[in-house]
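Could you build the full structure based on these sequences and the hints that come with them?
The lines below spell out each chain.
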Amino acid sequence: MVATILLIVHGLVAVALLGALTHQTLATWAPGRSGSFFGRFRRVPPASFANAVVILYVIAALLGGIVYLYFRVDIRPSLERAGHWPALGFFDIKEHFISIGAALLPAYWVCWRRPRTEEPYRMRAALTGILAFIVWWGFLTGHVVNNIMGFGS
Amino acid sequence: MTSSHAFRRFAFAYGTAFAVLYVVALKLDLALFTVYPKQSVVLLGTHHSRDVVDPAMSFLAPAMYWYGWTASAALGALVFGLLGAVLPEQWTRRIWPGWLWVAPLAAMSACVYLTMPWFRL
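Chains A and B supply the protein sequences, listed in that same order. When we follow our numbering, the leftmost residue of the first sequence carries the number 92, and every step to the right adds one. When we follow our numbering, the leftmost residue of the second sequence carries the number 743, and every step to the right adds one.
None of these hints come from the bench; they were simulated from the model. Model, not experiment: these values are computed from the prediction. Be aware that one or more of the hints could be misleading.
FRET-style restraints, in silico, Cβ to Cβ [unchecked claim]: (1) L802/B x S127/A: 55 to 63 angstroms; (2) F861/B x G126/A: 44 to 52 angstroms; (3) L847/B x R131/A: 28 to 36 angstroms.
Here chain A is said to cover these stretches of chain B; the calculated rule only asks that three of the stretch's residues, wherever they fall, bring their Cβ under 8 angstroms from a Cβ of chain A [stated by the list, open to error]: (4) 755-763; (5) 813-827; (6) 836-846.
The beta carbon of each residue, even a glycine, is placed where N, CA and C say it ideally should be.
In structure tokens:
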């Protein structure tokens with residue numbers, strides 16, 4: 092029961108993080124000009140998302156780190172017995188990516204909140220893009236692994 | 743030297759070093775500690791169940807290394823980060839800042855490569 096609640100909260104935080112990072116990434120890489128839905132989606136001030144992204148990433152990673160203990164004991168053996176090796180591989184990649192992304196957060200925050208004039212814009216864009224990729228990977232992989240044998244199975 | 747400049751150099755060095763050291767920890771299996779969640783036990787260093795019990799029985803004590811690999815890389819990166827913060831700026835200025843995003847991308851590719859055996863099972 093505790094694991095299920097934690098997993099749901101982990102997922103909700105991940106959704107918020109995904110939204111913030113996707114907004115910021117698109118606003119950084121392809122700023123919107125038109126007044127259409129997609130134009131407005133990309134017209135947000137990207138720097139304003141940095142604090143939220145850092146906080147949400149840390150919360151999501153901590154919750155994921157706790158839920159991972161339950162996963163290792165209760166879920167993974169079943170996946171191994173069922174031969175879901177590619178899914179386990181994708182999940183392992185997710186955990187590696189999350190660690191690397193977490194270590195980038197201080198630099199990411201500095202680049203957005205304390206930018207230097209001589210600093211290339213592509214530094215911010217690259218870090219944001221990497222974090223967005225990591226979060227999308229983590230979200231999709233977690234979603235698939237969570238559903239692979241059915242909820243509550 | 744202001745504290746914000748020092749923190750910037752710390753953050754850049756930490757992020758870059760962590761990416762490299764994480765791959766090293768993963769490849770060489772250098773976990774600072776091993777977690778046995780079923781037994782609620784944490785042992786210092788890398789321990790494999792198969793080293794002490796029959797591999798067929800290892801499912802009784804599933805081991806987790808991710809926390810340990812992350813801690814190993816974080817500890818090492820902390821040293822590089824602090825070095826980056828205290829070294830004179832004219833020294834650190836020579837280092838190409840692009841390593842901050844090139845190193846994580848390379849590390850992520852290396853992690854995918856090291857995980858490939860899962861996809862051949």
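Comparing the hints with the structure gives:
1. For L802/B and S127/A, the hinted distance range of 55 to 63 angstroms is satisfied, since their beta carbons lie about 58 angstroms from each other.
2. One distance hint, 44 to 52 angstroms for the beta-carbon pair F861/B and G126/A, holds here, with the actual separation near 45 angstroms.
3. A beta carbon spacing of about 31 angstroms between L847/B and R131/A agrees with the range 28 to 36 angstroms that was offered as a hint.
4. Proximity of the segment 755-763 of chain B to chain A, defined as three or more residues with a beta carbon under 8 angstroms from a beta carbon of that chain, is established by the 4 residues found.
5. Evaluation of the coverage hint for the segment 813-827 of chain B: fulfilled, as 3 residues show C-beta separations to chain A shorter than 8 angstroms, against a requirement of three.
6. Counting residues of the segment 836-846 of chain B whose beta carbon lies closer than 8 angstroms to any beta carbon of chain A gives 5, which reaches the threshold of three, so the coverage claim holds.
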